[in-house]
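**Q** Make the full structure from the sequences, and use the hints.
Protein chains: 4
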Amino acid sequence: MHFFSDNTTPVSPQVMAAIAAADRADHGYDGDAWSARLDAAFSTLFETDVKALWVASGTAANCIALATLCPPYGGILTHEEAHIVTDEGGAPGFFTHGATLMTLPGEGAKLTPDAVAAKLAAMRSGVHQSPPRALSITQATEYGRAYTPAEVAALGDLARTHGIGFHMDGARFANAVAHLGCAPADVTWRAGVDALSFGCVKNGGMIGEALLYFGPDAAARAAEAKRWRKRSGHLFSKGRYLAAQLLAMVEGGLWLANARAANEAAQALAAAIPARLLHPVEANELFVRLTAGEAAQLRSDGFDFYDWGEGAVRLVTNWSQDAASVAPLAAALKALDP
Amino acid sequence: MHFFSDNTTPVSPQVMAAIAAADRADHGYDGDAWSARLDAAFSTLFETDVKALWVASGTAANCIALATLCPPYGGILTHEEAHIVTDEGGAPGFFTHGATLMTLPGEGAKLTPDAVAAKLAAMRSGVHQSPPRALSITQATEYGRAYTPAEVAALGDLARTHGIGFHMDGARFANAVAHLGCAPADVTWRAGVDALSFGCVKNGGMIGEALLYFGPDAAARAAEAKRWRKRSGHLFSKGRYLAAQLLAMVEGGLWLANARAANEAAQALAAAIPARLLHPVEANELFVRLTAGEAAQLRSDGFDFYDWGEGAVRLVTNWSQDAASVAPLAAALKALDP
Amino acid sequence: MHFFSDNTTPVSPQVMAAIAAADRADHGYDGDAWSARLDAAFSTLFETDVKALWVASGTAANCIALATLCPPYGGILTHEEAHIVTDEGGAPGFFTHGATLMTLPGEGAKLTPDAVAAKLAAMRSGVHQSPPRALSITQATEYGRAYTPAEVAALGDLARTHGIGFHMDGARFANAVAHLGCAPADVTWRAGVDALSFGCVKNGGMIGEALLYFGPDAAARAAEAKRWRKRSGHLFSKGRYLAAQLLAMVEGGLWLANARAANEAAQALAAAIPARLLHPVEANELFVRLTAGEAAQLRSDGFDFYDWGEGAVRLVTNWSQDAASVAPLAAALKALDP
Amino acid sequence: MHFFSDNTTPVSPQVMAAIAAADRADHGYDGDAWSARLDAAFSTLFETDVKALWVASGTAANCIALATLCPPYGGILTHEEAHIVTDEGGAPGFFTHGATLMTLPGEGAKLTPDAVAAKLAAMRSGVHQSPPRALSITQATEYGRAYTPAEVAALGDLARTHGIGFHMDGARFANAVAHLGCAPADVTWRAGVDALSFGCVKNGGMIGEALLYFGPDAAARAAEAKRWRKRSGHLFSKGRYLAAQLLAMVEGGLWLANARAANEAAQALAAAIPARLLHPVEANELFVRLTAGEAAQLRSDGFDFYDWGEGAVRLVTNWSQDAASVAPLAAALKALDP
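Those protein sequence lines, which keep their order, are chains A, B, C and D.
Take 1 as the starting number for the first sequence in the numbering used here and just add one per residue.
Take 1 as the starting number for the second sequence in the numbering used here and just add one per residue.
Take 1 as the starting number for the third sequence in the numbering used here and just add one per residue.
Take 1 as the starting number for the fourth sequence in the numbering used here and just add one per residue.
To be clear, the hints were calculated from the coordinates, so they are not data collected in a lab.
One should not assume that every hint holds.
[What the hints assert, rightly or not] Chain A regions said to be covered by chain B (calculated; three or more residues, Cβ under 8 Å):
1) 8-20
2) 53-59
3) 110-119
4) 142-151
5) 231-243
6) 302-308
[Stated by the list, open to error] Pairwise CB distance ranges (calculated):
7) B:Arg24 <-> C:Ala117: 38 to 46 Å
8) B:Asp304 <-> C:Ala118: 24 to 32 Å
9) B:Asp217 <-> A:Arg289: 41 to 49 Å
10) B:Ala183 <-> C:Lys119: 49 to 57 Å
11) A:Asp49 <-> C:Gly309: 36 to 44 Å
12) B:Ala271 <-> C:Ala118: 30 to 38 Å
Note that the Cβ used here is the ideal one computed from N, Cα and C, for glycine as well.
**A** Next comes the structure, spelled out in C-alpha cells:
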C-alpha cells in the first residue's frame, strides 16, 4: 500500500466520467462549453466573483499567479520550506523573470505575521534591494498544517497595508478546508487572498489545476494570466478535458468529499502514534519519528513511503482511502509502541 | 460539420482506452511504468536511439526544443509564417529567454536552403548581431505542405555545416509522413534533424505531445530538456496519463492510420475544387479561394471553418473523418463550380 | 581621416572639463549633486516636465525604455532595419524578457503610419498573438533620415489611439533636430513620444546617454526604469561623472552646436556627389554609391569608412568636423566624377 | 569627512591622466588599442593566461560572470549576506534568467567549506531541485574579511569536485590582497577560482570594472561573456575610456598602492577602538559598536558614515586616505572610551 504521495493515486471515477462526457467535438483551447462554465462554478463555490483558469500543473498555477502579482524586479515573501522554494526546479524564477524569493522561517512551514512584518521593516527603500511585491503561503503547508481564517487574515492585512499581492498555494487546499470546517471564502478572499492555486490532481483529478483570482483586480489579472498561460505553453489545444475535470470536482462537492476521506485516513493513522508525530496532523500528511529499523519493518510489511530526513518518514493519505482502508498501517504503527 | 481545426475533434477510442488502462496507482511525475517505455517505443519507430519526453502542448514541445538548441543571445532561423512566429503568443521568447527569431520568406511556408544560406552569408560576425544557433521548420508546414526527405536533408546539411541545431515542429508530422510514404527516420535524423516535436493531440490524442531528440547529443539535450520541463511547469504529477496516450499512438501504428484518414478526407475535398486551391494539398489542410458569398452559403449548409484572409478559407480534416464522411462537403464545394 | 562612425571621435573639450569639475567626493550612485539637476536641465530643454536618467549606453537606454513600455508577452512595432533589430545582439529580448519585435518595411528606415496601421489591423485578438504594446522609431533613422514633427505626430496619434507606448531611439537625435530646426519638444512629447533615448556619446560625450520620459506617466515609468537600471547593472557607483557629461551637453547648448557641426560636414560631402547618394542627407550620415575600386582609391588616399553592402559605403561625420575640415574628402569625392 | 563608502571618492590622478591620454580617435566598442592590451596586462598581473573584459559596474561584472557559469535552471551557492543577494536589486536573477540563489550562513560573511559541503550533500538529485552550478564568494567580504589562499582553495576543491563554477566578487579584491600580502594568483586561479570581478571604481577608478576568466575554459567563457556584455547594454561605444582606466590601475601597481593606503587608514582607526570592533579589520571597512548618542556626536564633529543596524555603524576608508589623514577620526573614536 502506497503512502508516497497523493499524486500516485488513480483518478476519481466521477472525474473519469466527466472526461468521457467531454469527449466530443468542440472549439479548441478554452473556447469550449466546459471552460465557459469555470468562472460561474468557482464563483458559486467561493460566494463571490471569481475568475478561473485551468492550467497544466500546480507549478504552473503557482508561478503564473506570482508572475501576475510580482514584477521581475520585485521580491516574493514566502516560507523557506515552501514548495515554490524547494521543489519547483527554479520555476518561480522562470515565470517571474528572476524575481527574488525572500524566505522566512516559521514552525510547521507556516509564515507568521511577525516574521513578515519584521522582514518588511528591515527592507531599505531605494533600488538596491528588491521591493517585496508578493506574499505566498501554502494551505495546507508542506508539513500538513492548516492556516486558520484568522491567521490568513492577519497576513492579508499586512499584504494590503504594504500593497503586496497575496497568493495561496492550495495544492492541498481541499484538505485544509476539510480540516477547518470553514467556507472556502473564509480562508481566501475574505482574508485578503488575491490569487489561489486550487489543487485538483492530488485530490482525484488526472491533469489540470485551477488558478483563481479574487477581488477588484481579478479580471485584469486573469486576462494577464491568460497571456502567461499561452506563452508558457499551458494553453492546451483541447482544454475541455481539463475544464471538465475541474467542474466535476467543484460542481458536486467532490473536492471536499475526497479531501475528507483523505483526512479521515490521516487521522486514523495519527491516532495510532500520537507520540511519534513531528507535526500536528491537520490535513492528509503525517511526519512520523521512525528509526531506520522501524521503517524497514513497515516496508517489509508492504507499506511504502518516503524517508524525510534522519529518523523520520512522511506518510501521505489520499482520496481513495478512509479510516477502514488504512487500518492495516494503523495497526502496524501501533504495534511499534506496544 | 466542423472543419475549424484538428484540435476540435474528440479523442481516438484507442487513446481513451489507454488512459483508462493507466488509471491505477504508480509513481508520480515521470517515474511510472508508462513513461519508462517512451524511449524504447520511439526508438523502434525511428529506427535509432531516441530520447523522448512527454510535454503538455505543442507550444511547450517547440519551445523547450529551441531552448535546448539556442542560447538566449542566439538566433533562430525560421519561416516568417511559422507557428512559432505567428501563433504562440511570444512563447519562443519566453522559453529561450529572448533569443531572436530570424524570419525568412518562402513559398508554402517552406524554408529553402537558398534563403537560409543567403541569410547566413549576410550575418556579420562579432557581438552586434545575434548568431544563428537554431533552424526550425514545420512538417507539414502551416500551409499543409510536406518537406521531402531531400529537402529536409539539404537544410540539415546547412545546419550541420554552420553548427546550428535543427528543430522540426511536427504538430502534423504524421500527416506529412502519411503523404510522403517514407520512414519517419527519412525526414528526421537521417536528414539532420536534432529535435522533433511529435504531434499527438491534433491526431487523436487528448493532452500531451512528445519531444524527441536524436543523435549523439540526444541524451545530454534530453536531460537539459527535463530541467526546462520542470521549471516551465510541464512536469505533470501523474505523467502516466500522458505517456499512455503517446504509447497508444505509436506502439500500434495508430499515429499513421489516423493521419492517413485525415489526409484521405483532405484529398477527397481537394479533388472537388482543384482550381480553387491556393496550395497543393499534401496533408490535412486545404486553403481554398472562396468569395464571402460562397463561404456564407457553405456555412448555412452546416459546414464550419475559418476565413483565411480576404477571399480565402481554411479547411482542416481530421483523424475521425475519411473520404466518405466528408462527401457532403465535397459535393457542396463541387457545386460551387457547376 | 576616419569616417567609420561618430563613436570613434574623442570627447568634446567642454565635456572633458565637466568631468574634471565633477572629480570630487559626493554621494554614490545617483545621490550626487549633478544627478539631482538632470530633471531640471532636460525639463528646460524640452519645455515640459521631464524625468531623466543617465544610463551606460544607447543599447541600455533603448532597452530599458522598451521594458517599461512593453510587457514580456507584448510586441514592439519597429522598422526591420532599426538598430534595436539588427545591431543590439538581442538586447531588446533580454531587457523585455522576450517581447516580440514586429518588424515593418519602409523607405529610408522610416516607419509610415500606413504600415503601422495595416499591421495593427492585421493582428488577431486573443492570446495566440503577442499584442503590440510599444512603437519604436529612430530619429535620425539608420539611413540618416529625419522624421518631421508631422510625421512623428501621425505615428503618435496611432500609438495613443491603440494604447501603445511610443519610444524614440535618439542616438542621433541632436543631428535630427539640427536638421529640422524645430524645438526638441516638437518631435517628441508634442508629437506623442513617451520615452526618448537622448544620445550623448556619438555627439561628443565619453560614456553615458540619457533616458527621458514625458507625459503623465513619466514619474511612474522613470521610477520603474530606475529598478531596471539597477538590475541590469547600469547604476554606476560614481554616477556624477555621467550626470556631469549630460549637463555639459544640454545646459549650454553644446548638444546642438556639436550636431550642427557634424551636419555641416555631411552637407559639404553631400554637395560633392549628389548623384551618388542613396538616401537624402539630413543628419551626419551619407550612404554613397561607390565601386570597389573607387572605395579602394579613397582609402589609399587616407580616408577610412565602412562598406555598406555591395557597391556602397557609409560615411559618418562628427562633432569635431565642419565643412572646412572635411574639404579634402569632399574634393576626393568630387574627383570621382570629373 | 566622508566614511560612507569608497564610491564617494574622486578618481585617482593617474586614472584621470590615463583617460585624458586616451582622448583621441580610435575604433569603437572594444576595437581600440587600449582594450587590446587588457588580456596581456591582467595576464602579467596574475601570472597566467587571463581573458579580461571591461564592464560598466560591479553588478554587471558579477552577474555576467554568474550567467556564464550557471544555467537558468541552476543554483548559485553564496553567503546570505553577499552583495549579490542583498544589494543588487535582483540583478543576478535578471542576468541568469532566474537561477536560484542558495544562501548559506557564515561568520563575517564568509562561506565555509563545511557549510557548502553540507548543502551539497542535502540536495536531492532529479529535476525538482535546482542543481548547484556556481559558487560565489566576496573577497574581501561584506564585513571586510579576507579569505586566505588556503580558505579559497578549500572552497575551490569542493567546486571542482562537484563540477561547479567558482566566482569571486572582488569589488575590494585589492584591499584583500593588500592585507594578505600574497600574489593575486594565490587567491584566485591557483585556488580554483574561474571568474573574478576585479574592482576598480571603489579603488580610484571612475567608471568600469574588469571581469576576468582563468583556466582552460577562459577563452570560451570570455567569448560568451562578450555576448552577454553586448545584450545587457554594457558594450560602450567608446570603450577605450574604460580600458585606459583599467590599464592605469594594473600596469603600474596603482591598484595595490591605493588599496594599501585605504587599508592603512582602516588600521589606524581600528587601533583606536579595538574593543568596539564587530569584525576583525582586514580590508578598508570597520563595523563599530556605537550608541546612537556616540554616532550623533561624531557626526556633529563632521564625520559622516552609515548606521549598520541597531547600535552599530560602518566606516569605510578609501585610496585617498592614509593613517595621517584619518587621524582626526581616530582621535575622536579614541575619545569615546577615555
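**Q** Return holds or violated for the Cβ distance of aspartate 217 (chain B) and arginine 289 (chain A) against the range 41 to 49 Å.
**A** 47 Å, holds
**Q** Checking C-beta pairs, does the region 231-243 of chain A have three or more residues closer than 8 Å to chain B?
**A** Per the Cβ count (10), the hint holds.
**Q** For the hint 36 to 44 Å, verify it against the beta carbon of aspartate 49 (chain A) and that of glycine 309 (chain C).
**A** 59 Å, violated
**Q** Indicate whether the distance between the beta carbons of arginine 24 (chain B) and alanine 117 (chain C) respects the range 38 to 46 Å.
**A** Given about 58 Å between the Cβ atoms, the range is violated.
**Q** Is the coverage entry for the region 110-119 of chain A by chain B consistent with the three-residue Cβ rule at 8 Å?
**A** Violated, because only 0 residues of the region 110-119 of chain A bring their Cβ atoms closer than 8 Å to Cβ atoms of chain B.
**Q** Would you say the region 8-20 of chain A counts as covered by chain B, given the rule of at least 3 residues with C-beta under 8 Å?
**A** holds (count 7)
**Q** Do the Cβ positions of alanine 183 (chain B) and lysine 119 (chain C) conform to the proposed distance bound of 49 to 57 Å?
**A** 42 Å, violated
**Q** Can you take a look at whether the region 142-151 of chain A is actually covered by chain B? Rule is 3+ residues, C-beta closer than 8 Å.
**A** violated (count 0)
**Q** Assuming the hint says 30 to 38 Å, is it satisfied by the Cβ distance from alanine 271 (chain B) to alanine 118 (chain C) or not?
**A** 36 Å, holds
**Q** If you look at each residue in the region 53-59 of chain A, do at least three have a Cβ nearer than 8 Å to any Cβ of chain B?
**A** holds (count 5)
**Q** CB of aspartate 304 (chain B) to CB of alanine 118 (chain C), is that within 24 to 32 Å?
**A** Since the Cβ atoms of aspartate 304 (chain B) and alanine 118 (chain C) sit about 28 Å apart, the hinted range of 24 to 32 Å holds.
**Q** If you look at each residue in the region 302-308 of chain A, do at least three have a Cβ nearer than 8 Å to any Cβ of chain B?
**A** As far as the region 302-308 of chain A goes, the hint is violated, because 0 residues have Cβ atoms under 8 Å from chain B.
In this structure, the earlier hints numbered 3, 4, 6, 7, 10, 11 are contradicted, and the remaining ones agree with it.
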